[in-house]
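Colleague: If you use the numbering used here, the sequence shown corresponds to residues 17 to 556, in order.
Simulated from the structure, these hints should not be mistaken for lab results. Mixed in with the good hints, there may be bad ones.
In silico DSS-like pairs for lysine-lysine, Cα to Cα no more than 30 Å straight-line [unchecked claim]: (1) Lys304 / Lys537; (2) Lys111 / Lys178; (3) Lys153 / Lys212; (4) Lys182 / Lys69; (5) Lys170 / Lys207; (6) Lys304 / Lys212; (7) Lys69 / Lys94; (8) Lys485 / Lys514; (9) Lys380 / Lys170; (10) Lys304 / Lys528; (11) Lys304 / Lys412; (12) Lys111 / Lys380; (13) Lys412 / Lys235; (14) Lys282 / Lys514; (15) Lys485 / Lys462; (16) Lys304 / Lys182; (17) Lys145 / Lys263; (18) Lys79 / Lys145; (19) Lys394 / Lys537; (20) Lys153 / Lys208; (21) Lys141 / Lys94; (22) Lys115 / Lys263; (23) Lys207 / Lys145; (24) Lys69 / Lys141; (25) Lys486 / Lys528; (26) Lys235 / Lys141; (27) Lys235 / Lys94; (28) Lys153 / Lys79; (29) Lys462 / Lys486; (30) Lys111 / Lys79; (31) Lys170 / Lys103; (32) Lys467 / Lys493; (33) Lys79 / Lys182; (34) Lys170 / Lys111; (35) Lys178 / Lys94; (36) Lys207 / Lys94; (37) Lys514 / Lys379; (38) Lys392 / Lys534; (39) Lys115 / Lys170; (40) Lys178 / Lys79.
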Amino acid sequence: MKNITRRSFLHRVSMAGAAVTMPLWPGEIFAIGNADPGTRRYHVSMQMEAWQKTPELLELIEKAGVTDVWMGSYLQGKWFHTPEELKSAAAFLEKRGFKAHVLTVPLGHPGNAIDENDPSWSEKKGTWKNACTYDGKLYSGTSIHEPVIRDNVKAVKELAQKRFDKLFLDDDFRLARFPGQIGGCFCSDCKKDFLKRYGYGEQEWSELLNDVMQRNPSKVLQTWVEYNCDKEYDMFRAMQDAAPGMKIGIMVMYLGSEKAGIALDKYRDTLFRVGEEHFNDKSFGTVKGKTDELFSSLFHRRFARPELAFSETTSYPANALSARNMAAKLNVSLLSDVRNTMFMSGLPPLPADRWDVLAPAMKKNAELHRKIAGHKPKGPFKHFYGWDSRLVGTDKPFSLFLASGIPFEVVDEPPHDGWVFLSDEDVRGVLEGRTKTKGNNLIARKSSEAKGDVFITMDETPSDIFAFKKRIISRLKDVPFVEGEIPVVFAWYPTAGKALLWNVNEESKRYKIRLNDKVLKIVDVAGLDVEMVELNDLSS
17 MKNITRRSFL HRVSMAGAAV TMPLWPGEIF AIGNADPGTR RYHVSMQMEA
67 WQKTPELLEL IEKAGVTDVW MGSYLQGKWF HTPEELKSAA AFLEKRGFKA
117 HVLTVPLGHP GNAIDENDPS WSEKKGTWKN ACTYDGKLYS GTSIHEPVIR
167 DNVKAVKELA QKRFDKLFLD DDFRLARFPG QIGGCFCSDC KKDFLKRYGY
217 GEQEWSELLN DVMQRNPSKV LQTWVEYNCD KEYDMFRAMQ DAAPGMKIGI
267 MVMYLGSEKA GIALDKYRDT LFRVGEEHFN DKSFGTVKGK TDELFSSLFH
317 RRFARPELAF SETTSYPANA LSARNMAAKL NVSLLSDVRN TMFMSGLPPL
367 PADRWDVLAP AMKKNAELHR KIAGHKPKGP FKHFYGWDSR LVGTDKPFSL
417 FLASGIPFEV VDEPPHDGWV FLSDEDVRGV LEGRTKTKGN NLIARKSSEA
467 KGDVFITMDE TPSDIFAFKK RIISRLKDVP FVEGEIPVVF AWYPTAGKAL
517 LWNVNEESKR YKIRLNDKVL KIVDVAGLDV EMVELNDLSS
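Take the sequences, apply the hints, and build the full model.
Modeller: Now the structure itself:
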(Lines of atoms letter the chains of each structure in order from A and count residues from 1; the text may use other names and numbers.)
(Lines give C-alpha, C1' and ligand atoms only; values in the text may rest on other atoms or scores of the structure.)
Protein backbone atom coordinates (compact mmCIF):
# COMPACT_ATOMS: atom_id res chain seq x y z
CA MET A 1 0.00 0.00 0.00
CA LYS A 2 1.43 3.31 -1.09
CA ASN A 3 1.73 5.88 1.68
CA ILE A 4 1.16 9.59 1.16
CA THR A 5 4.27 11.74 1.62
CA ARG A 6 4.12 15.13 3.33
CA ARG A 7 4.73 16.86 -0.01
CA SER A 8 1.96 14.96 -1.78
CA PHE A 9 -0.41 15.39 1.16
CA LEU A 10 -0.03 19.17 1.14
CA HIS A 11 -0.26 19.22 -2.64
CA ARG A 12 -3.53 17.32 -2.53
CA VAL A 13 -4.92 19.72 0.03
CA SER A 14 -3.97 22.72 -2.10
CA MET A 15 -5.42 21.06 -5.21
CA ALA A 16 -8.65 20.18 -3.46
CA GLY A 17 -10.51 19.38 -6.63
CA ALA A 18 -8.18 16.60 -7.68
CA ALA A 19 -9.65 13.12 -7.89
CA VAL A 20 -8.39 10.29 -5.68
CA THR A 21 -6.27 7.64 -7.30
CA MET A 22 -8.57 4.66 -6.80
CA PRO A 23 -11.89 3.99 -8.58
CA LEU A 24 -14.70 6.31 -7.53
CA TRP A 25 -16.84 3.48 -6.23
CA PRO A 26 -14.56 0.63 -5.11
CA GLY A 27 -17.14 -2.02 -6.01
CA GLU A 28 -16.49 -1.21 -9.67
CA ILE A 29 -13.18 -3.06 -9.56
CA PHE A 30 -15.22 -6.29 -9.47
CA ALA A 31 -17.11 -7.73 -12.41
CA ILE A 32 -20.48 -6.05 -12.73
CA GLY A 33 -23.30 -8.50 -12.10
CA ASN A 34 -21.02 -11.24 -10.74
CA ALA A 35 -21.45 -10.54 -7.04
CA ASP A 36 -20.62 -13.34 -4.65
CA PRO A 37 -23.89 -15.15 -3.75
CA GLY A 38 -22.88 -14.66 -0.11
CA THR A 39 -22.65 -10.90 -0.55
CA ARG A 40 -24.09 -9.78 2.79
CA ARG A 41 -22.67 -11.09 6.05
CA TYR A 42 -24.00 -10.37 9.55
CA HIS A 43 -21.86 -9.94 12.65
CA VAL A 44 -22.60 -9.10 16.26
CA SER A 45 -20.45 -7.76 19.08
CA MET A 46 -21.36 -9.88 22.10
CA GLN A 47 -19.62 -10.87 25.31
CA MET A 48 -19.63 -14.32 26.86
CA GLU A 49 -21.63 -13.01 29.84
CA ALA A 50 -24.55 -12.48 27.46
CA TRP A 51 -24.94 -16.08 26.32
CA GLN A 52 -24.05 -17.43 29.74
CA LYS A 53 -26.90 -15.42 31.27
CA THR A 54 -29.30 -15.93 28.34
CA PRO A 55 -28.31 -19.14 26.51
CA GLU A 56 -31.08 -18.76 23.91
CA LEU A 57 -29.38 -15.62 22.51
CA LEU A 58 -27.01 -17.69 20.39
CA GLU A 59 -29.89 -19.63 18.86
CA LEU A 60 -31.73 -16.37 18.14
CA ILE A 61 -28.83 -14.74 16.34
CA GLU A 62 -28.00 -17.93 14.44
CA LYS A 63 -31.57 -18.20 13.14
CA ALA A 64 -31.48 -14.51 12.19
CA GLY A 65 -28.43 -15.12 10.00
CA VAL A 66 -25.50 -13.95 12.16
CA THR A 67 -22.33 -15.85 11.26
CA ASP A 68 -19.59 -14.01 13.19
CA VAL A 69 -19.30 -12.99 16.85
CA TRP A 70 -16.82 -10.34 18.02
CA MET A 71 -15.73 -10.20 21.67
CA GLY A 72 -14.24 -7.34 23.64
CA SER A 73 -10.68 -7.97 24.78
CA TYR A 74 -8.21 -5.18 25.62
CA LEU A 75 -10.39 -2.16 26.35
CA GLN A 76 -8.86 1.22 27.22
CA GLY A 77 -5.73 -0.29 28.72
CA LYS A 78 -7.14 -3.24 30.64
CA TRP A 79 -8.21 -6.76 29.80
CA PHE A 80 -11.98 -7.13 29.89
CA HIS A 81 -11.33 -10.82 29.28
CA THR A 82 -7.89 -12.37 29.09
CA PRO A 83 -6.63 -13.99 25.87
CA GLU A 84 -7.04 -17.38 27.52
CA GLU A 85 -10.69 -16.68 28.42
CA LEU A 86 -11.36 -15.39 24.95
CA LYS A 87 -9.80 -18.45 23.32
CA SER A 88 -12.03 -20.71 25.40
CA ALA A 89 -15.10 -18.66 24.46
CA ALA A 90 -14.06 -18.77 20.80
CA ALA A 91 -13.83 -22.57 20.91
CA PHE A 92 -17.34 -22.70 22.35
CA LEU A 93 -18.68 -20.39 19.63
CA GLU A 94 -16.97 -22.32 16.86
CA LYS A 95 -18.62 -25.54 18.04
CA ARG A 96 -21.93 -23.73 17.62
CA GLY A 97 -20.99 -22.86 14.04
CA PHE A 98 -19.94 -19.22 14.52
CA LYS A 99 -16.67 -17.58 13.55
CA ALA A 100 -15.12 -15.81 16.54
CA HIS A 101 -13.07 -12.60 16.45
CA VAL A 102 -11.92 -9.92 18.87
CA LEU A 103 -11.98 -6.17 19.23
CA THR A 104 -10.02 -3.73 21.33
CA VAL A 105 -10.50 -0.11 22.37
CA PRO A 106 -6.89 0.99 21.89
CA LEU A 107 -7.07 4.72 22.59
CA GLY A 108 -9.97 5.11 24.96
CA HIS A 109 -13.20 6.98 24.38
CA PRO A 110 -13.71 10.57 25.61
CA GLY A 111 -16.91 9.41 27.32
CA ASN A 112 -18.47 6.17 28.47
CA ALA A 113 -19.45 4.31 25.33
CA ILE A 114 -18.89 0.79 26.68
CA ASP A 115 -21.28 0.19 29.59
CA GLU A 116 -23.71 2.87 30.76
CA ASN A 117 -23.99 1.19 34.18
CA ASP A 118 -20.25 1.28 34.88
CA PRO A 119 -18.87 4.86 35.08
CA SER A 120 -15.28 3.59 35.28
CA TRP A 121 -15.36 3.09 31.50
CA SER A 122 -15.13 6.85 31.10
CA GLU A 123 -11.44 6.70 32.04
CA LYS A 124 -8.41 5.20 30.38
CA LYS A 125 -5.73 3.16 32.08
CA GLY A 126 -4.17 5.14 34.90
CA THR A 127 -0.67 5.13 33.41
CA TRP A 128 -1.89 6.59 30.11
CA LYS A 129 -1.54 10.33 29.75
CA ASN A 130 -4.63 12.46 29.19
CA ALA A 131 -5.06 14.49 26.02
CA CYS A 132 -5.15 18.28 25.89
CA THR A 133 -7.41 20.44 23.72
CA TYR A 134 -6.09 23.47 21.84
CA ASP A 135 -7.44 25.70 24.63
CA GLY A 136 -5.77 23.74 27.43
CA LYS A 137 -8.51 21.43 28.70
CA LEU A 138 -7.60 17.86 29.64
CA TYR A 139 -9.70 14.82 28.79
CA SER A 140 -9.39 11.05 28.75
CA GLY A 141 -9.23 9.21 25.45
CA THR A 142 -8.37 9.59 21.74
CA SER A 143 -4.68 10.44 22.13
CA ILE A 144 -1.43 8.63 21.44
CA HIS A 145 1.41 8.85 23.93
CA GLU A 146 3.77 6.30 25.31
CA PRO A 147 3.01 3.77 26.74
CA VAL A 148 -0.24 3.56 24.71
CA ILE A 149 1.51 2.15 21.66
CA ARG A 150 3.67 -0.27 23.63
CA ASP A 151 0.74 -1.59 25.68
CA ASN A 152 -1.47 -2.10 22.63
CA VAL A 153 1.25 -3.80 20.59
CA LYS A 154 1.79 -6.21 23.48
CA ALA A 155 -1.95 -6.91 23.72
CA VAL A 156 -2.25 -7.53 19.97
CA LYS A 157 0.68 -9.97 20.10
CA GLU A 158 -1.01 -11.92 22.88
CA LEU A 159 -4.26 -12.12 20.91
CA ALA A 160 -2.40 -13.22 17.79
CA GLN A 161 -0.68 -15.95 19.78
CA LYS A 162 -4.15 -17.35 20.51
CA ARG A 163 -4.66 -17.50 16.73
CA PHE A 164 -7.41 -14.92 16.42
CA ASP A 165 -7.55 -14.04 12.73
CA LYS A 166 -9.34 -10.65 12.81
CA LEU A 167 -9.27 -7.67 15.14
CA PHE A 168 -11.11 -4.35 15.10
CA LEU A 169 -9.63 -1.24 16.70
CA ASP A 170 -12.85 -0.02 18.14
CA ASP A 171 -14.80 2.97 19.37
CA ASP A 172 -13.12 4.68 17.59
CA PHE A 173 -9.61 4.66 16.16
CA ARG A 174 -9.33 8.44 15.97
CA LEU A 175 -7.61 11.48 17.43
CA ALA A 176 -10.62 13.77 17.75
CA ARG A 177 -12.98 13.73 20.69
CA PHE A 178 -16.18 14.17 18.69
CA PRO A 179 -17.31 14.54 15.07
CA GLY A 180 -16.63 17.99 13.68
CA GLN A 181 -13.53 18.65 15.79
CA ILE A 182 -9.99 19.18 14.57
CA GLY A 183 -8.16 16.52 16.52
CA GLY A 184 -4.78 15.93 18.06
CA CYS A 185 -3.29 16.43 21.49
CA PHE A 186 -1.92 19.92 22.18
CA CYS A 187 0.00 19.04 25.37
CA SER A 188 3.55 20.27 25.90
CA ASP A 189 5.12 16.96 24.82
CA CYS A 190 3.12 16.79 21.57
CA LYS A 191 3.82 20.46 20.93
CA LYS A 192 7.56 19.92 21.34
CA ASP A 193 7.54 16.88 19.04
CA PHE A 194 5.49 18.64 16.35
CA LEU A 195 7.64 21.80 16.31
CA LYS A 196 10.86 19.81 16.18
CA ARG A 197 9.66 17.49 13.44
CA TYR A 198 8.69 20.32 11.07
CA GLY A 199 11.22 22.96 12.10
CA TYR A 200 8.57 25.30 13.49
CA GLY A 201 8.77 27.72 16.40
CA GLU A 202 6.49 29.53 18.83
CA GLN A 203 5.10 31.78 16.12
CA GLU A 204 3.84 28.84 14.07
CA TRP A 205 2.38 27.25 17.21
CA SER A 206 0.43 30.41 17.97
CA GLU A 207 -0.76 30.49 14.36
CA LEU A 208 -1.83 26.85 14.65
CA LEU A 209 -3.92 27.44 17.77
CA ASN A 210 -5.63 30.39 16.13
CA ASP A 211 -6.21 28.48 12.88
CA VAL A 212 -7.75 25.55 14.76
CA MET A 213 -10.07 27.93 16.57
CA GLN A 214 -10.97 29.76 13.33
CA ARG A 215 -11.04 26.56 11.22
CA ASN A 216 -8.62 28.11 8.78
CA PRO A 217 -7.01 25.51 6.44
CA SER A 218 -3.62 27.19 6.56
CA LYS A 219 -0.31 25.52 5.76
CA VAL A 220 0.53 25.03 9.43
CA LEU A 221 -2.88 23.51 10.15
CA GLN A 222 -2.52 21.20 7.15
CA THR A 223 0.83 20.12 8.55
CA TRP A 224 -0.76 19.50 11.96
CA VAL A 225 -3.38 17.28 10.34
CA GLU A 226 -0.67 15.37 8.50
CA TYR A 227 1.29 14.99 11.75
CA ASN A 228 -1.69 13.39 13.49
CA CYS A 229 -2.52 11.18 10.51
CA ASP A 230 1.07 9.90 10.54
CA LYS A 231 0.96 9.33 14.30
CA GLU A 232 -2.22 7.29 14.07
CA TYR A 233 -1.15 5.31 11.03
CA ASP A 234 2.26 4.55 12.56
CA MET A 235 0.47 3.06 15.59
CA PHE A 236 -1.77 1.04 13.29
CA ARG A 237 1.25 -0.28 11.41
CA ALA A 238 3.06 -1.13 14.64
CA MET A 239 0.11 -3.29 15.72
CA GLN A 240 -0.30 -4.88 12.30
CA ASP A 241 3.43 -5.61 12.05
CA ALA A 242 3.29 -7.23 15.49
CA ALA A 243 0.61 -9.63 14.26
CA PRO A 244 1.21 -10.28 10.54
CA GLY A 245 -1.15 -13.26 10.52
CA MET A 246 -4.05 -11.18 11.83
CA LYS A 247 -6.19 -8.83 9.75
CA ILE A 248 -6.61 -5.60 11.73
CA GLY A 249 -9.32 -3.08 10.94
CA ILE A 250 -10.39 0.33 12.16
CA MET A 251 -13.71 1.66 13.41
CA VAL A 252 -14.15 5.16 11.98
CA MET A 253 -16.19 7.92 13.57
CA TYR A 254 -19.14 9.62 11.85
CA LEU A 255 -17.71 11.37 8.76
CA GLY A 256 -14.28 10.49 10.18
CA SER A 257 -11.47 11.92 8.08
CA GLU A 258 -8.07 13.56 8.14
CA LYS A 259 -8.94 16.20 10.74
CA ALA A 260 -9.58 13.31 13.14
CA GLY A 261 -6.20 11.73 12.36
CA ILE A 262 -7.62 9.26 9.82
CA ALA A 263 -5.71 9.35 6.53
CA LEU A 264 -8.47 7.63 4.59
CA ASP A 265 -6.31 6.75 1.59
CA LYS A 266 -4.04 4.64 3.77
CA TYR A 267 -6.74 2.25 4.99
CA ARG A 268 -8.15 1.09 1.65
CA ASP A 269 -6.98 -2.51 2.12
CA THR A 270 -8.02 -2.90 5.76
CA LEU A 271 -11.22 -3.91 7.48
CA PHE A 272 -13.07 -0.59 7.67
CA ARG A 273 -16.09 0.23 9.86
CA VAL A 274 -17.87 3.15 8.24
CA GLY A 275 -18.85 5.99 10.55
CA GLU A 276 -22.36 6.42 11.90
CA GLU A 277 -23.71 8.69 14.63
CA HIS A 278 -27.41 8.13 15.33
CA PHE A 279 -27.65 5.46 18.01
CA ASN A 280 -31.10 6.15 19.45
CA ASP A 281 -34.63 6.61 18.20
CA LYS A 282 -34.67 10.37 18.71
CA SER A 283 -31.64 11.10 16.51
CA PHE A 284 -32.18 8.39 13.88
CA GLY A 285 -35.94 8.90 13.84
CA THR A 286 -35.88 12.04 11.68
CA VAL A 287 -35.50 12.04 7.91
CA LYS A 288 -32.39 14.19 8.29
CA GLY A 289 -30.94 11.68 10.77
CA LYS A 290 -31.31 8.93 8.20
CA THR A 291 -29.85 10.96 5.33
CA ASP A 292 -26.89 12.05 7.48
CA GLU A 293 -26.20 8.42 8.32
CA LEU A 294 -26.39 7.42 4.67
CA PHE A 295 -24.23 10.39 3.65
CA SER A 296 -21.43 9.29 6.01
CA SER A 297 -21.54 5.70 4.79
CA LEU A 298 -21.48 6.75 1.13
CA PHE A 299 -18.53 9.05 1.85
CA HIS A 300 -16.49 6.34 3.52
CA ARG A 301 -17.24 3.88 0.75
CA ARG A 302 -15.10 6.06 -1.51
CA PHE A 303 -12.16 4.58 0.41
CA ALA A 304 -13.33 1.20 1.76
CA ARG A 305 -13.51 -1.89 -0.42
CA PRO A 306 -17.07 -3.25 -0.22
CA GLU A 307 -16.12 -6.73 0.95
CA LEU A 308 -13.93 -5.22 3.69
CA ALA A 309 -16.49 -2.59 4.69
CA PHE A 310 -18.52 -2.98 7.88
CA SER A 311 -21.43 -0.98 9.19
CA GLU A 312 -21.63 0.52 12.66
CA THR A 313 -25.19 -0.63 13.30
CA THR A 314 -25.13 0.47 16.91
CA SER A 315 -27.75 0.96 19.56
CA TYR A 316 -26.38 2.65 22.67
CA PRO A 317 -27.55 2.09 25.30
CA ALA A 318 -28.56 -1.37 24.15
CA ASN A 319 -32.30 -0.58 24.16
CA ALA A 320 -32.00 2.95 22.69
CA LEU A 321 -32.96 1.95 19.14
CA SER A 322 -36.28 0.24 18.48
CA ALA A 323 -36.26 -2.95 16.47
CA ARG A 324 -37.88 -1.10 13.54
CA ASN A 325 -35.17 1.53 13.49
CA MET A 326 -32.43 -1.08 13.78
CA ALA A 327 -33.95 -2.86 10.80
CA ALA A 328 -34.13 0.47 8.94
CA LYS A 329 -30.41 0.97 9.55
CA LEU A 330 -29.75 -2.11 7.43
CA ASN A 331 -30.76 -0.05 4.41
CA VAL A 332 -27.81 2.31 4.92
CA SER A 333 -25.47 -0.62 4.25
CA LEU A 334 -27.60 -1.81 1.35
CA LEU A 335 -27.60 1.55 -0.42
CA SER A 336 -23.86 2.11 0.06
CA ASP A 337 -22.85 -1.49 -0.76
CA VAL A 338 -21.33 -2.21 2.64
CA ARG A 339 -21.08 -6.01 2.66
CA ASN A 340 -20.81 -6.59 6.42
CA THR A 341 -23.31 -5.50 9.06
CA MET A 342 -21.94 -5.23 12.61
CA PHE A 343 -24.58 -5.08 15.35
CA MET A 344 -23.22 -3.36 18.45
CA SER A 345 -24.56 -2.18 21.80
CA GLY A 346 -21.61 -1.69 24.14
CA LEU A 347 -20.95 -4.54 26.57
CA PRO A 348 -24.61 -5.45 27.30
CA PRO A 349 -26.30 -7.35 24.45
CA LEU A 350 -29.19 -6.13 22.34
CA PRO A 351 -32.55 -7.05 23.88
CA ALA A 352 -33.57 -10.53 22.77
CA ASP A 353 -36.85 -9.32 21.27
CA ARG A 354 -34.97 -7.23 18.70
CA TRP A 355 -34.08 -10.36 16.75
CA ASP A 356 -37.73 -11.22 16.02
CA VAL A 357 -37.95 -8.06 13.89
CA LEU A 358 -34.36 -8.05 12.65
CA ALA A 359 -34.36 -11.62 11.31
CA PRO A 360 -36.80 -11.14 8.39
CA ALA A 361 -35.32 -7.70 7.62
CA MET A 362 -31.82 -9.20 7.49
CA LYS A 363 -32.96 -11.92 5.10
CA LYS A 364 -34.69 -9.43 2.80
CA ASN A 365 -31.73 -7.03 2.86
CA ALA A 366 -29.31 -9.81 1.94
CA GLU A 367 -31.50 -10.92 -0.97
CA LEU A 368 -31.73 -7.38 -2.33
CA HIS A 369 -28.02 -6.76 -1.82
CA ARG A 370 -27.03 -9.68 -4.06
CA LYS A 371 -28.83 -8.00 -6.95
CA ILE A 372 -27.06 -4.63 -6.77
CA ALA A 373 -23.69 -5.47 -5.20
CA GLY A 374 -20.86 -4.01 -7.26
CA HIS A 375 -23.15 -1.67 -9.18
CA LYS A 376 -22.73 2.06 -8.84
CA PRO A 377 -25.76 4.29 -8.15
CA LYS A 378 -26.16 6.98 -10.81
CA GLY A 379 -28.10 10.21 -10.93
CA PRO A 380 -28.12 13.97 -11.46
CA PHE A 381 -27.86 14.81 -7.74
CA LYS A 382 -24.23 14.57 -6.66
CA HIS A 383 -22.95 13.48 -3.23
CA PHE A 384 -19.69 15.36 -2.60
CA TYR A 385 -17.56 15.83 0.51
CA GLY A 386 -14.39 17.78 -0.19
CA TRP A 387 -11.05 18.59 1.36
CA ASP A 388 -12.27 21.59 3.32
CA SER A 389 -14.87 19.39 5.01
CA ARG A 390 -12.22 16.78 5.70
CA LEU A 391 -9.70 19.27 7.13
CA VAL A 392 -11.71 21.88 9.01
CA GLY A 393 -15.38 20.95 8.63
CA THR A 394 -18.01 20.75 11.34
CA ASP A 395 -19.40 17.48 9.90
CA LYS A 396 -22.77 18.96 9.02
CA PRO A 397 -23.32 17.77 5.46
CA PHE A 398 -26.03 18.99 3.12
CA SER A 399 -27.61 15.53 3.02
CA LEU A 400 -31.38 15.97 2.82
CA PHE A 401 -31.32 15.85 -0.98
CA LEU A 402 -30.81 12.09 -0.63
CA ALA A 403 -34.50 11.82 0.33
CA SER A 404 -35.78 13.92 -2.59
CA GLY A 405 -36.74 11.00 -4.85
CA ILE A 406 -34.14 12.12 -7.41
CA PRO A 407 -31.40 9.53 -8.07
CA PHE A 408 -27.90 10.41 -6.91
CA GLU A 409 -24.29 9.38 -7.28
CA VAL A 410 -21.06 9.79 -5.31
CA VAL A 411 -18.34 12.02 -6.78
CA ASP A 412 -14.77 12.87 -5.80
CA GLU A 413 -14.85 16.33 -7.36
CA PRO A 414 -17.66 18.61 -8.54
CA PRO A 415 -18.60 17.58 -12.11
CA HIS A 416 -19.92 19.84 -14.84
CA ASP A 417 -23.27 18.04 -15.01
CA GLY A 418 -26.05 17.56 -12.48
CA TRP A 419 -26.25 19.42 -9.18
CA VAL A 420 -23.66 19.21 -6.39
CA PHE A 421 -24.71 19.70 -2.76
CA LEU A 422 -22.05 21.36 -0.59
CA SER A 423 -21.32 21.72 3.08
CA ASP A 424 -20.66 25.28 4.27
CA GLU A 425 -16.93 24.53 4.49
CA ASP A 426 -16.79 23.26 0.92
CA VAL A 427 -18.59 26.43 -0.19
CA ARG A 428 -15.73 28.34 1.40
CA GLY A 429 -13.26 26.08 -0.41
CA VAL A 430 -14.84 27.02 -3.73
CA LEU A 431 -14.89 30.74 -2.91
CA GLU A 432 -11.22 30.71 -1.87
CA GLY A 433 -10.08 28.62 -4.82
CA ARG A 434 -9.12 25.38 -3.08
CA THR A 435 -11.94 23.40 -4.70
CA LYS A 436 -12.13 23.66 -8.47
CA THR A 437 -15.55 23.66 -10.13
CA LYS A 438 -16.68 23.01 -13.68
CA GLY A 439 -20.10 24.62 -13.86
CA ASN A 440 -22.75 26.74 -12.17
CA ASN A 441 -24.41 23.76 -10.55
CA LEU A 442 -23.42 24.05 -6.88
CA ILE A 443 -26.13 23.90 -4.22
CA ALA A 444 -25.38 25.75 -0.99
CA ARG A 445 -27.33 26.63 2.12
CA LYS A 446 -28.64 30.18 2.31
CA SER A 447 -26.86 30.47 5.66
CA SER A 448 -23.46 29.84 4.02
CA GLU A 449 -21.21 32.50 2.51
CA ALA A 450 -22.13 31.40 -1.02
CA LYS A 451 -22.16 34.16 -3.60
CA GLY A 452 -21.72 34.25 -7.36
CA ASP A 453 -23.24 32.64 -10.42
CA VAL A 454 -21.92 29.15 -9.66
CA PHE A 455 -24.20 28.78 -6.63
CA ILE A 456 -27.87 28.02 -6.20
CA THR A 457 -28.86 28.71 -2.59
CA MET A 458 -31.65 27.16 -0.57
CA ASP A 459 -32.43 26.12 2.97
CA GLU A 460 -31.85 22.48 3.77
CA THR A 461 -35.55 21.84 4.30
CA PRO A 462 -38.00 19.51 2.54
CA SER A 463 -39.98 22.47 1.22
CA ASP A 464 -36.97 24.11 -0.45
CA ILE A 465 -35.62 20.82 -1.80
CA PHE A 466 -38.99 19.79 -3.26
CA ALA A 467 -39.48 23.26 -4.74
CA PHE A 468 -36.10 22.89 -6.48
CA LYS A 469 -37.08 19.39 -7.62
CA LYS A 470 -40.23 20.80 -9.22
CA ARG A 471 -38.15 23.36 -11.13
CA ILE A 472 -35.68 20.87 -12.59
CA ILE A 473 -37.67 17.69 -13.34
CA SER A 474 -38.37 18.86 -16.89
CA ARG A 475 -34.61 18.68 -17.44
CA LEU A 476 -34.30 15.06 -16.31
CA LYS A 477 -34.24 13.46 -19.75
CA ASP A 478 -34.14 9.64 -19.65
CA VAL A 479 -33.57 9.70 -15.89
CA PRO A 480 -36.18 7.99 -13.69
CA PHE A 481 -37.33 9.78 -10.55
CA VAL A 482 -40.03 9.55 -7.90
CA GLU A 483 -42.95 11.89 -8.41
CA GLY A 484 -44.21 14.23 -5.71
CA GLU A 485 -43.07 15.53 -2.35
CA ILE A 486 -43.03 12.46 -0.11
CA PRO A 487 -39.50 11.87 1.27
CA VAL A 488 -37.89 8.75 -0.17
CA VAL A 489 -34.35 7.66 -0.99
CA PHE A 490 -34.30 6.55 -4.63
CA ALA A 491 -31.11 4.79 -5.76
CA TRP A 492 -30.92 3.92 -9.46
CA TYR A 493 -28.49 1.23 -10.71
CA PRO A 494 -28.65 1.41 -14.53
CA THR A 495 -26.05 -1.33 -15.04
CA ALA A 496 -28.27 -3.68 -13.02
CA GLY A 497 -31.54 -2.44 -14.48
CA LYS A 498 -32.88 -1.89 -10.99
CA ALA A 499 -33.68 0.77 -8.43
CA LEU A 500 -34.18 0.81 -4.66
CA LEU A 501 -36.83 2.80 -2.82
CA TRP A 502 -36.18 3.38 0.90
CA ASN A 503 -39.24 4.81 2.63
CA VAL A 504 -37.74 7.03 5.35
CA ASN A 505 -41.18 7.73 6.84
CA GLU A 506 -42.76 5.85 9.74
CA GLU A 507 -45.94 5.13 7.74
CA SER A 508 -46.48 3.18 4.52
CA LYS A 509 -46.31 5.28 1.36
CA ARG A 510 -47.19 4.87 -2.30
CA TYR A 511 -44.61 6.11 -4.78
CA LYS A 512 -44.87 6.76 -8.52
CA ILE A 513 -41.69 6.33 -10.55
CA ARG A 514 -41.68 8.51 -13.66
CA LEU A 515 -39.50 8.65 -16.74
CA ASN A 516 -39.93 11.72 -18.91
CA ASP A 517 -43.74 12.01 -19.27
CA LYS A 518 -44.61 8.45 -18.35
CA VAL A 519 -45.36 6.66 -15.05
CA LEU A 520 -43.21 3.52 -15.07
CA LYS A 521 -44.14 1.96 -11.76
CA ILE A 522 -46.39 2.49 -8.77
CA VAL A 523 -44.83 0.97 -5.67
CA ASP A 524 -46.15 0.63 -2.12
CA VAL A 525 -43.42 0.61 0.54
CA ALA A 526 -44.04 -0.07 4.22
CA GLY A 527 -42.82 2.45 6.77
CA LEU A 528 -38.98 2.47 7.05
CA ASP A 529 -38.82 -0.46 4.62
CA VAL A 530 -37.08 -0.82 1.25
CA GLU A 531 -38.31 -2.25 -2.05
CA MET A 532 -36.56 -3.03 -5.31
CA VAL A 533 -38.01 -2.16 -8.71
CA GLU A 534 -37.05 -3.60 -12.06
CA LEU A 535 -36.16 -0.91 -14.60
CA ASN A 536 -34.54 -3.07 -17.25
CA ASP A 537 -36.07 -1.36 -20.27
CA LEU A 538 -36.69 2.32 -19.68
CA SER A 539 -37.84 2.86 -23.25
CA SER A 540 -40.79 0.47 -23.08
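Colleague: Taken at face value, is the distance from the CA of Lys412 to the CA of Lys304 at most 30 Å?
Modeller: holds (11 Å)
Colleague: Does Lys111 pair with Lys79 here, judged by a C-alpha cut-off of 30 Å?
Modeller: holds (16 Å)
Colleague: Between Lys304 and Lys528, does the CA-CA distance stay at or below 30 Å?
Modeller: The given pair, whose Cα atoms are some 22 Å apart, holds under the 30 Å limit.
Colleague: With the threshold set at 30 Å, check whether the alpha-carbon distance from Lys394 to Lys537 stays at or below it.
Modeller: At roughly 19 Å apart (the allowed maximum being 30 Å), Lys537 and Lys394 satisfy the hint.
Colleague: Take a quick look at whether Lys235 and Lys141 sit within 30 Å of each other, Cα to Cα.
Modeller: violated (35 Å)
Colleague: Can the restraint linking Lys170 and Lys111 be considered satisfied, given a maximum Cα separation of 30 Å?
Modeller: With Cα atoms ~29 Å apart, Lys170 and Lys111 stay inside 30 Å; holds.
Colleague: Starting from Lys153, check that the Cα of Lys208 is at most 30 Å away, please.
Modeller: Since the Cα atoms of Lys153 and Lys208 sit roughly 18 Å apart, the hinted pair holds (cutoff 30 Å).
Colleague: Given the hinted pair Lys304 and Lys537, is their Cα-Cα distance within 30 Å?
Modeller: Cα-Cα ~26 Å, so holds.
Colleague: Taken at face value, is the distance from the CA of Lys94 to the CA of Lys207 at most 30 Å?
Modeller: holds (28 Å)
Colleague: Compare the distance between the alpha carbons of Lys207 and Lys145 with 30 Å, and conclude whether the hinted pair is satisfied.
Modeller: holds (14 Å)
Colleague: Is the Cα-Cα distance between Lys79 and Lys145 30 Å or less?
Modeller: Measuring from Cα to Cα gives roughly 45 Å; hence the hint is violated.
Colleague: Decide if the proposed pair is consistent with the structure: Lys486 and Lys528, CA atoms, cutoff 30 Å inclusive.
Modeller: holds (15 Å)
In summary, the numbered hints that this structure violates are 6, 9, 14, 16, 18, 26, 27 and 28.
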